[in-house]
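Undergrad: If you read the protein sequences in the order shown, they are chains A and B.
If you read the first sequence in the UniProt record's numbering, its first letter stands for residue 1, the second for the next number, and so on.
If you read the second sequence in the UniProt record's numbering, its first letter stands for residue 1, the second for the next number, and so on.
If you're looking for bench data, these hints aren't it; they were derived computationally from the structure.
In this text, all values refer to a predicted model and were calculated from it rather than measured experimentally.
Every residue, glycine too, gets a C-beta built ideally from N, C-alpha and C.
Mixed in with the good hints, there may be bad ones.
[What the hints assert, rightly or not] Computed cross-link-like contacts, BS3-like style, restricted to lysine-lysine with a CA-CA straight-line distance of at most 25 Å:
(1) B:Lys79 to A:Lys113
(2) A:Lys55 to B:Lys55
(3) A:Lys36 to A:Lys99
(4) A:Lys36 to A:Lys55
(5) B:Lys99 to B:Lys79
(6) A:Lys99 to B:Lys55
(7) A:Lys99 to B:Lys99
(8) A:Lys79 to B:Lys99
[To be verified] Just so you have them, the derived chain B footprint on chain A, three or more residues with Cβ under 8 Å:
(9) 4–18
(10) 38–45
(11) 56–69
(12) 73–83
Number of protein chains: 2
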Amino acid sequence: MSVVCLEEKLATFSDLWSPKIVGRLNDLDLMVVKVKGEFVWHSHPDTDDFFLVLKGRLTIEMRDGDVHLGPGELYVVPKGVEHRPVAAEETHLLLIEPKGTPNTGDAATAAVKTAI
Amino acid sequence: MSVVCLEEKLATFSDLWSPKIVGRLNDLDLMVVKVKGEFVWHSHPDTDDFFLVLKGRLTIEMRDGDVHLGPGELYVVPKGVEHRPVAAEETHLLLIEPKGTPNTGDAATAAVKTAI
Numbered sequence: 001m002s003v004v005c006l007e008e009k010l011a012t013f014s015d016l017w018s019p020k021i022v023g024r025l026n027d028l029d030l031m032v033v034k035v036k037g038e039f040v041w042h043s044h045p046d047t048d049d050f051f052l053v054l055k056g057r058l059t060i061e062m063r064d065g066d067v068h069l070g071p072g073e074l075y076v077v078p079k080g081v082e083h084r085p086v087a088a089e090e091t092h093l094l095l096i097e098p099k100g101t102p103n104t105g106d107a108a109t110a111a112v113k114t115a116i
Numbered sequence: 001m002s003v004v005c006l007e008e009k010l011a012t013f014s015d016l017w018s019p020k021i022v023g024r025l026n027d028l029d030l031m032v033v034k035v036k037g038e039f040v041w042h043s044h045p046d047t048d049d050f051f052l053v054l055k056g057r058l059t060i061e062m063r064d065g066d067v068h069l070g071p072g073e074l075y076v077v078p079k080g081v082e083h084r085p086v087a088a089e090e091t092h093l094l095l096i097e098p099k100g101t102p103n104t105g106d107a108a109t110a111a112v113k114t115a116i
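Bound-form chain A, shown alone (with noise of 0.2 Å):
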């Protein structure tokens, strides 16, 4: 692989909610992803679920309370734990998750991740 500048990659797409991969790490899709709004609630039954704030703010809501998330502050929601992510502002994100995981939690729903 070469060098990713997160930067550069958020500047080639604007869709929102779409994760684009732009690296692996070993069985790892390393993605970015411009959100704005509310997503669906969701849960990940095989994985936890790694945020990462590069630009604007995300709150990802869960049943037990809300985390608030700006520029260089991460969290990972653990394995099965329900969430919402939520952005009021448009907001630029790392994620990571194994290959193959559906954004929505359920195959049927989920976004294509394509590489970019």
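Based on the hints, put chain B in the right spot on chain A.
TA: Below, chain B without anything else, positioned relative to chain A:
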């Protein structure tokens, strides 16, 4: 876990080449580290090696050619590939490796990774 502010975590220590664990993603350690100067040549036979520059500049020397990273740039050294990180100035990194991976590629010389 709670929200991890990478800059706050980095402000809590000053030793170089000594990764600190700030979180966990499945079986992987999420770590921050401060580096300056030349590390040792090494490789990891069982895992890729993730580097994201948070501040400063990092060169990853490899036998087939070096890569140069600035803030917001990431690189994954493939499993088994010999590499040597080098930084002319103090540089701050996010590292991701499976739990227990020796930072030098050799358990006998590896830094003890403590959680902060």
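Undergrad: Of all the hints numbered above, which does this structure not satisfy? Sort the numbers upward.
TA: 6 and 10
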